[in-house]
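Here's the letter readout for the chains.
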Amino acid sequence: MKEQLQKDFDNTIKNLTLSQKDIEIKKFYLDNFINKGFPNRREEDWRFSDLNQIIKKNIGELSFYSDYTSTNKVDTSVFVDGLEHNKIVFINGRIEKIDFDYEKKDQIEIIDQSETINKFNNNSPLCDLNSAFNNKSFKIVVKEGYQLIKPLIIYHTTNSKIWSKNINLRLNFELYEKSSLRLIDLFRDTSEKNFLNIFYNFDLKENSILKNYKVDKFENKNIKYSFNNIEQDKNSISETFILSSGSNFCKNEINCNLNGEYSSAFVNGIFSINNNKHHEIRTIINHLTENTKSYQLIKSVLEDSSKAVYQGKIFVNSKAQKTDGYQLSKAILLNKDSEFNAKPELEIYADDVKCSHGSASGSLNEDSIFYLMSRGLNYQQSIELLINGFLLDVVEKITDPEVKNLIKNMIGIKE
Amino acid sequence: MLRINKLNAKIDSKEILRNFSLNINPGEVHAIMGPNGSGKSTLSNILSGKKGYEVSGEVLFEEKDLFELETEERAHKGIFLAFQYPLEIPGVNTNIFLKTSLNAVRKARGEKELDAIEFLKLVKEKSKELKFDEEKLNRQLNVGFSGGEKKKNEILQMSLLAPKLSILDETDSGLDIDALRIVADGVNTLRDNKNSFLIITHYQRLLDYIKPDFVHVLMDGKIIKSGGAELALELEKKGYENFN
Chain A
75 MKEQLQKDFD
85 NTIKNLTLSQ
95 KDIEIKKFYL
105 DNFINKGFPN
115 RREEDWRFSD
125 LNQIIKKNIG
135 ELSFYSDYTS
145 TNKVDTSVFV
155 DGLEHNKIVF
165 INGRIEKIDF
175 DYEKKDQIEI
185 IDQSETINKF
195 NNNSPLCDLN
205 SAFNNKSFKI
215 VVKEGYQLIK
225 PLIIYHTTNS
235 KIWSKNINLR
245 LNFELYEKSS
255 LRLIDLFRDT
265 SEKNFLNIFY
275 NFDLKENSIL
285 KNYKVDKFEN
295 KNIKYSFNNI
305 EQDKNSISET
315 FILSSGSNFC
325 KNEINCNLNG
335 EYSSAFVNGI
345 FSINNNKHHE
355 IRTIINHLTE
365 NTKSYQLIKS
375 VLEDSSKAVY
385 QGKIFVNSKA
395 QKTDGYQLSK
405 AILLNKDSEF
415 NAKPELEIYA
425 DDVKCSHGSA
435 SGSLNEDSIF
445 YLMSRGLNYQ
455 QSIELLINGF
465 LLDVVEKITD
475 PEVKNLIKNM
485 IGIKE
Chain B
29 MLRINKLNAK
39 IDSKEILRNF
49 SLNINPGEVH
59 AIMGPNGSGK
69 STLSNILSGK
79 KGYEVSGEVL
89 FEEKDLFELE
99 TEERAHKGIF
109 LAFQYPLEIP
119 GVNTNIFLKT
129 SLNAVRKARG
139 EKELDAIEFL
149 KLVKEKSKEL
159 KFDEEKLNRQ
169 LNVGFSGGEK
179 KKNEILQMSL
189 LAPKLSILDE
199 TDSGLDIDAL
209 RIVADGVNTL
219 RDNKNSFLII
229 THYQRLLDYI
239 KPDFVHVLMD
249 GKIIKSGGAE
259 LALELEKKGY
269 ENFN
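Top to bottom, those sequences are chains A and B.
The numbering of the first sequence is the working numbering, which starts it at 75 and goes up by one.
The numbering of the second sequence is the working numbering, which starts it at 29 and goes up by one.
Since no wrong hints were added, every one of them can be taken at face value.
FRET-style restraints, in silico, Cβ to Cβ: (1) B:N47 <-> A:K295: 56 to 62 Å; (2) B:K79 <-> A:K235: 47 to 53 Å; (3) B:K140 <-> A:D141: 57 to 63 Å.
Calculated from the structure, these hints are not laboratory results.
Keep in mind that this is a model prediction, so the values were computed, not measured.
All residues carry an ideal CB built from backbone N, CA and C; glycine is no exception.
For reference, chain B alone in the conformation it holds in the complex (with noise of 0.2 Å):
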């Protein structure tokens, strides 16, 4: 489905990623865990289209060059990046952007788009699923939002969209257990054989809720060491500066 062959960026002339490569099959679920500054976010923000980095190599995306598409295009083909740091946006209303969101994926797939009734019973159903408070998708999107509700905001999203590769970037961040348990939820009820995950993270503890096909080891722009889930356990014994 993804396939990340020798990938170079660089911001600034800063280098991030060095010969990066990685490949994630449908229905698998990969876990990129390094330091801070490793090149975890850029690797998400690339993928997802975000302007500003200088980049060479090749991403292919169900064959398909993925620089050649742009940032809304990727997500109409089911690219999903679930940020860190979700931004709060005044004065949009969270169901008017969620309504935008998903006719806009929706018509881009050629499926038909829904009416104000369709939108709203679907989105109640993801909300409750999710335990997120309905009285906040009528509040401004993500203003006042706590840390852990933006975040599960993120996984509404992601569940609304349907996306074929969701990409979370230190989605469990901020959150508490509860809510840890509420997103994993939320991304094992996505998991098939045909959706794809790619799980950045500092920490193994999201991976006792969301079992990893693969582990990546990410130092310095690219992968040191691939393995199994027990990699991760490895990793959280020994700290990353022990670990080449």
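For reference, chain A alone in the conformation it holds in the complex (with noise of 0.2 Å):
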């Protein structure tokens, strides 16, 4: 893999204009990650996906290089339809579309960063390649008090004319005080055997409100990793949803930093998967602060031989009395050979605070289904109306209404 990085290391940078100081501190990313190669089991937080041999398994030789250089058109039948939106459009790592029709031009602010500084505090290889391969990092700005009108799409697409690759994404967002932001991240693959990795950034001023949805639902074969890294200031509020359910492999780790009085996270996700697919959350929430609080909430429906990991840590520092903190997750295994995995972790060093976690899992309810088979449903209806009424509560925490119709619809929770 060593000369396969260097070499593909050396086209990218080819590509690029970057300055010397910059090529530079790409590199010694690249030597960081050619240290360390990819996460295996033996690092704690990836004990129950073991990377490196997921990559071997699913795609084999991986290449890091691609060229941008030339432009893809856009499908625009994969836009979703029904909800006015703004978009960005990736195709195959690139960037094909940035459009903020809806909202007022000078409120937001789209600076094309080349800048390579590690802004994740993360020293995680996945990190270092990203830091290394990745072509352009974007940061968006929402000034100070402006809500945006309507969501953001970013559509992740990837086409067949991608093969084994790698593709690196990295984008910062800064919200101003009192500004708001609903993300839509929607994954559209039409490739295979691709490994994406993709770092966000978001940065919460005080009274600001972060709203992203990350939905993984169109079946694929490639394997994501997905970071955001999300820093909140006082009465900020962040939340996140996750649908984890098309890809191979996918694992969304988020890592929330609550260092301002009276913020919030809220970390709610379902896994709704099957075959062979093996999917993961891993959420930190730090309570830095007097008076944050955390709810966290994820439900999984695993069919097959599929396999779902739930890491949830709450951090609570010494200085972070009054945080509130709560995790919950429940599984149904729909057959002998699904698995579930979760590991709460509390890590308290305030004595005034109000933590909880739970966790269970098990199969459905066979009285109920005879119960709802007595009144005329078969047994496909009928396990579909309880695994519908089981995902229906972390649907519902989905706080704007629009996004949570969207959502109902993908699932097929019907009203």
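Dock chain to chain to rebuild the complex, using the hints, since each chain is given by itself in its own frame.
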């Protein structure tokens, strides 16, 4: 892999206009990654999902260089109907379209950042890989007091032109005081066997609100890793919702720092997977000051030999009195070969806090199935009704009504 | 309509029904009374198709072998079980459930499925008859319902699905006098010369409101005595223990 990395790195650098200093920085990250390699099960955070093995098994040899010089045609048929929205379109890792048509132009700033400084306070090999190879990174700034009128959908699309490729994306978001953004990440893949490695950083200033809905719904054979770092000032709110379903492997990691008083973070998610899919959600919520709140609810429906992992950590430092932290995960295993792993962690250094966690897994209740079937529903209808009922309360946590309806339609919850 | 001939049922190699036989003709109301553990609920479960029993013998419903029909097919053909303990189904809206159920049954019977408006009109009408709080129709199925509300919901489903054979498994338990009367009215409304009922109960009380044509005493998995409505009164007086 080392030779491949070196060669692909040299090609990548050739196509970018970087200062010598930037090249040096990128090279530093490349060397870091070469030293560490892909994370494996020996690392605690990857205990349940050995990425090194997963890549070997699903992809084999990866290549890291992409030619971003030519444009791709945007396939408008992937756009969400019935919901007016702003758009950013990635095709095979290249930004093809940025469109904030519904917004006041002077209230949003898009800054082309070629700077490579690692803002993630994250020394994981995947962050190094991303820093070394990401093509262009953008910073999107929402100005003070501006609340976006329509949601922003980022389309992560890939097509059959790429194969066995690693794609690295990086975006920065800065939400100024009293601003708000609804962001939907929608994955549409017609490619196979690629590894997408996505890093987002969010800076939430006082009283700002971020709602990030990550939707990996559509069947595909790619491997995805997505890392959200969220920094929150006073009174800010972050709401993250993850629908984890379509990819062969997908790991979403949320690192949230509640730096300001009365800031709160909500992370809710659904695993709905089948076949041999393997999905994970890893959260770390850091309560770093007084009166902060976090809430997490994760529900899983696992078919065939699929495997889901939820590692949720609530950290409360000694200053963070009056912390209110909660996490709960529930899983339905539809097959004896399906597997759910939960690792809740509470690390608490303050004495006046309210923190709780819980986890439960089991199969569908046979008596409930019998009850529904005795009313004329067939087995499939009964199961679907029970599963939708099981998932409903997570979907109900989505505070944006338009997005809630969109997700309900995608999952097939009828009203 | 229903012919049970020498039915034996076991669960985990424990014999529950032994050589149980019973005939129910169209329009008849049969009551089965028996002490705890005599096999009453097993009988209703087997008739409506619950899995997990080892059975032998013959059960014919309208001359068809019942054991060849799946649970939902029995519902389509007109068998309805009012559960002793109706299940709470979180996240499933009662109205959606009722509509799905009714349309599944109507479709199987070759009748036109109801659209939302037709359905709502019907369900409102039936709820009113049963004094079932309409607001509950928008709640999650049986979640947070009182015992009485759950039982009324069973009778509401029964009256929507218009079954040929209704099995009421201890529907009277946990009901106050007013609810009991409402439930009985619901049954009596459906009663005609075609529809039949099998009423399973501990007590004679329900039979004051729903007059049975036949009463059977079930003990240790078989019927030990059959008679008319007066048998229930006799049973009430003597108790099960002294009944042989």
